[in-house]
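Trainee: Sequence order for the protein chains is C and V. The number in the working numbering is simply the position in the first sequence, starting from 1, with 986 added. The number in the working numbering is simply the position in the second sequence, starting from 1, with 56 added.
Derived by calculation from the structure, the hints in this document are not laboratory data. Glycine included, every Cβ here is placed at the ideal spot set by N, Cα and C. Keep in mind that a hint or two might mislead.
Said to hold, decoys possible - Lysine-lysine pairs mimicking DSSO-like chemistry, simulated, CA-CA at most 27 Å apart:
1. V/LYS133 <-> V/LYS72
2. C/LYS1030 <-> C/LYS1299
3. V/LYS72 <-> C/LYS1150
4. C/LYS1150 <-> V/LYS133
As the list claims (entries may be wrong) - Simulated restraints, written as ranges between beta carbons of each label pair:
5. C/ASN1242 <-> V/GLY92: 44 to 54 Å
6. V/ASN61 <-> C/ARG1158: 58 to 68 Å
7. C/LYS1030 <-> V/ASP110: 50 to 60 Å
8. C/THR1072 <-> V/ASP120: 35 to 45 Å
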Amino acid sequence: MSLFDKFQPIADIQAELQALGVMPFGAVTEKLLSSTEAIVNGHKVILAGTNNYLGLTFEPECLEAAKKAIDELGTGTTGSRMANGTFAGHVALEKELAEFFDRKHSIVFSTGYAATMGMGSTLAGPGDVIVLDADSHASIYDGVRLGGADVIRFRHNDPADLDKRLRRLGDRIDNTLIIVEGIYSMMGDQAPLAEIAEVKRKYGGLLLVDEAHSLGMLGEHGRGVAEAAGVEDDVDFVVGTFSKSLGAIGGYCVSNHDQLNAIRFAIRSYIFTASPSPSVIASTRAALRLMQERPYLRDQLWANAHRLYDGLKNLGLQVSPEVSPVVAVTIRDRNQAIDWWNRLLQLGAYVNLVMPPASPTDDSLLRCSVSAAHSEEQIDRIIDAFSTVQNTATAD
Amino acid sequence: MPDYNEYLERIFDVLKPFAKQGILLNEESELVAELGLTSLQVMELIEQLEDHFDMSIPLNILPDIRTVHDLAQALEKLNPGS
Chain C
987 MSLFDKFQPI ADIQAELQAL GVMPFGAVTE KLLSSTEAIV NGHKVILAGT NNYLGLTFEP
1047 ECLEAAKKAI DELGTGTTGS RMANGTFAGH VALEKELAEF FDRKHSIVFS TGYAATMGMG
1107 STLAGPGDVI VLDADSHASI YDGVRLGGAD VIRFRHNDPA DLDKRLRRLG DRIDNTLIIV
1167 EGIYSMMGDQ APLAEIAEVK RKYGGLLLVD EAHSLGMLGE HGRGVAEAAG VEDDVDFVVG
1227 TFSKSLGAIG GYCVSNHDQL NAIRFAIRSY IFTASPSPSV IASTRAALRL MQERPYLRDQ
1287 LWANAHRLYD GLKNLGLQVS PEVSPVVAVT IRDRNQAIDW WNRLLQLGAY VNLVMPPASP
1347 TDDSLLRCSV SAAHSEEQID RIIDAFSTVQ NTATAD
Chain V
57 MPDYNEYLER IFDVLKPFAK QGILLNEESE LVAELGLTSL QVMELIEQLE DHFDMSIPLN
117 ILPDIRTVHD LAQALEKLNP GS
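Could you build the full structure based on these sequences and the hints that come with them?
Mentor: So, in structure tokens, the structure goes:
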């Protein structure tokens, strides 16, 4: 036995994929041609798995803002938000995020992972309780494990099951944090947040919603599922990322609780890491502004989502339970999923291959994400690629 | 309040459909190494036990659970209803 033995199953899968000549994990993007096209592993592809929902990664305003920040402020902050790493841009972005979400307070983190993991690990500790949706993202699971609270799962998107689990807590509800996501990253399904908020109102506790995959997509202002469901007042904390709709990297938490400013200095993933680079903050601020100025991007995104979803469904593929900018195709057999992923790439469509345990079930997924920047013709080419793969014999 | 044997009996019932063919269940059966439960199946097992006994079973107990006996003992310690 050695420390390395536990990594052997991963090494076995890597060797298996290498023998097949397939490299789905860590596929190399060699050149970006636009926000929707690139050269990946030597193939010119339409990017249908990059979470670039609003297609803002090459917007001139964002590029200019980032370049200007580099010229004026350098390449990095070289320090933590708590020490030397809070620049005027970080403070300005926090103010702009609070205004956008119509909340009193906000915190900017270096990544979405740091935001979600940090809030999950800090808000509830030993003696407290966290009740989370079973399909929560790894960053949530990592955070709550680190925090040391009692962690209880409820069945995915099942408010009645949440009700049952909160009822069992009795008086412990006063020390309970409920965690759900707005749109779930793997299948693209939305949380029934109105019903979840109703359960929270019935029992109590605090509610944290991760809107990483719903920022800029839903609600009158694009604030996410909480806004769309009309339950923002019931949501105590919203966390999310700059790495999807806003085309950069970083994370945030917004809240009306005045305690957030004290909580900030208890979050280890905020304190013990360098703050986001000035260029990242500058492009994020520009993208946040553009997202508000261009609500039509949401309409384009949803039109593309419907087109891809309907197209794949019409092929007879097993798609996600509801239309969403994330469209996942379930493939039961892992080797078939690997084969399809590889052939889709060769046919010019880059999607994400998701295998257990990253997928919510024991099945594998070919996960697509659409962008407002995709043209109808690009969406049709993605559908055509799936059709070709479906109708031709397995490559061997 | 259920006792150790009631927990044990229920765990055996819930495990039956999950366990690999031909493996006899006993107190020392190892959930993952022997019965081959995936992490998702372990979660499902916990949910079913929570519902049957109308109790909360925090995931925090899982790192210490290796066998059926460990699980039954942990449930007894959690003291349902208090």
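Trainee: Against this structure, judge whether each hint is valid.
Mentor: Verification of the supplied hints:
Proximity of V/LYS133 to V/LYS72 is assessed by CA-CA distance (about 24 Å); at most 27 Å being required, the pair is judged to hold. Simply put, C/LYS1030 and C/LYS1299 have alpha-carbon atoms about 25 Å apart, close enough for the 27 Å limit, and the pair holds. The hinted pair formed by V/LYS72 and C/LYS1150 meets the criterion: a straight-line CA distance of about 25 Å does not exceed 27 Å. Of the supplied pair hints, the one linking C/LYS1150 and V/LYS133 holds, its CA atoms being roughly 21 Å apart against a limit of 27 Å.
At roughly 48 Å, the beta-carbon separation of C/ASN1242 and V/GLY92 lies within the given 44 to 54 Å, and the hint holds. In this structure the supplied range 58 to 68 Å is violated for V/ASN61 paired with C/ARG1158, their Cβ-Cβ distance being about 28 Å. Between C/LYS1030 and V/ASP110 the Cβ separation comes to about 57 Å, which falls inside the hinted range of 50 to 60 Å. Checked against the given bound of 35 to 45 Å, the beta carbons of C/THR1072 and V/ASP120, roughly 42 Å apart, stay inside it.
This entry does not satisfy hint 6, going by the numbered hints stated previously; all others are met.
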